[in-house]
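So you can see what is in the structure, the chains are spelled out below.
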Amino acid sequence: AQSVTQLDSQVPVFEEAPVELRCNYSSSVSVYLFWYVQYPNQGLQLLLKYLSGSTLVKGINGFEAEFNKSQTSFHLRKPSVHISDTAEYFCAVSRMDSSYKLIFGSGTRLLVRP
Amino acid sequence: KAGVTQTPRYLIKTRGQQVTLSCSPISGHRSVSWYQQTPGQGLQFLFEYFSETQRNKGNFPGRFSGRQFSNSRSEMNVSTLELGDSALYLCASSLSGEITEAFFGQGTRLTVV
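Heads up: the sequence lines are chains A and B, in that order. In terms of the numbering used here, the first sequence opens at residue 1433 and continues consecutively. In terms of the numbering used here, the second sequence opens at residue 1231 and continues consecutively.
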């Protein structure tokens, strides 16, 4: 079975500061990795995904993430956050051999303060 | 190109009633998946439909059911509603069921009172 752990339920940060949202996963098989963002009362928007190749993945809105297989981590980073980045962020995995569903972490609320 | 459309956006129902939610996928997409999001359990996979057939199912009771029509639109039904069914229900569509290529709708917020 697969599981995803997001270590921080809430991350407060000042505007224009860098941020890292942590994600660790557990799986006995190879997985794809994803980060989604959810604004209040909205659906999920894909920020970025790791399927194969370079372990550094760049996404939308200036976000990037690095896949670390040895540490089973996929941390999300942004060098300078904006007020508009305030949202809930979800890390998710999907089995490579059966990629019909996502298994999500519990989410991290990013709160950007002026 | 229109995105994934879920209707209604908000719904209030009474315990014991049943409810039907609708999801219209992106044009050309043949797979629709459903997820439930609650504060306690987080985001959980309900089921996936492809070409009018349920291909995969999550670990939910039989009160949760769905179907898909020939135009790929999907409906989800919950019978005998319980307070714990209050949630945001999200659907995702993709061409063939690969979640790597899926897009999510805005969700339907169901409140059971």
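Mixed in with the good hints, there may be bad ones.
[What the hints assert, rightly or not] No farther apart than 30 Å at their CA atoms in a straight line, the calculated lysine-lysine pairs in the BS3-like style are these:
| id | chain 1 | residue 1 | chain 2 | residue 2 |
| --- | --- | --- | --- | --- |
| 1 | B | Lys1287 | B | Lys1243 |
| 2 | A | Lys1481 | A | Lys1501 |
| 3 | A | Lys1501 | B | Lys1287 |
| 4 | A | Lys1501 | A | Lys1490 |
| 5 | B | Lys1287 | A | Lys1481 |
Just so you know, the hints here were simulated from the structure itself, not pulled from any lab data.
Hints and how they fare:
1. Lys1287/B to Lys1243/B: 25 Å, holds
2. Lys1481/A to Lys1501/A: 15 Å, holds
3. Lys1501/A to Lys1287/B: 29 Å, holds
4. Lys1501/A to Lys1490/A: It holds: about 17 Å lies between the C-alpha atoms, which stays within 30 Å.
5. Lys1287/B to Lys1481/A: 24 Å, holds
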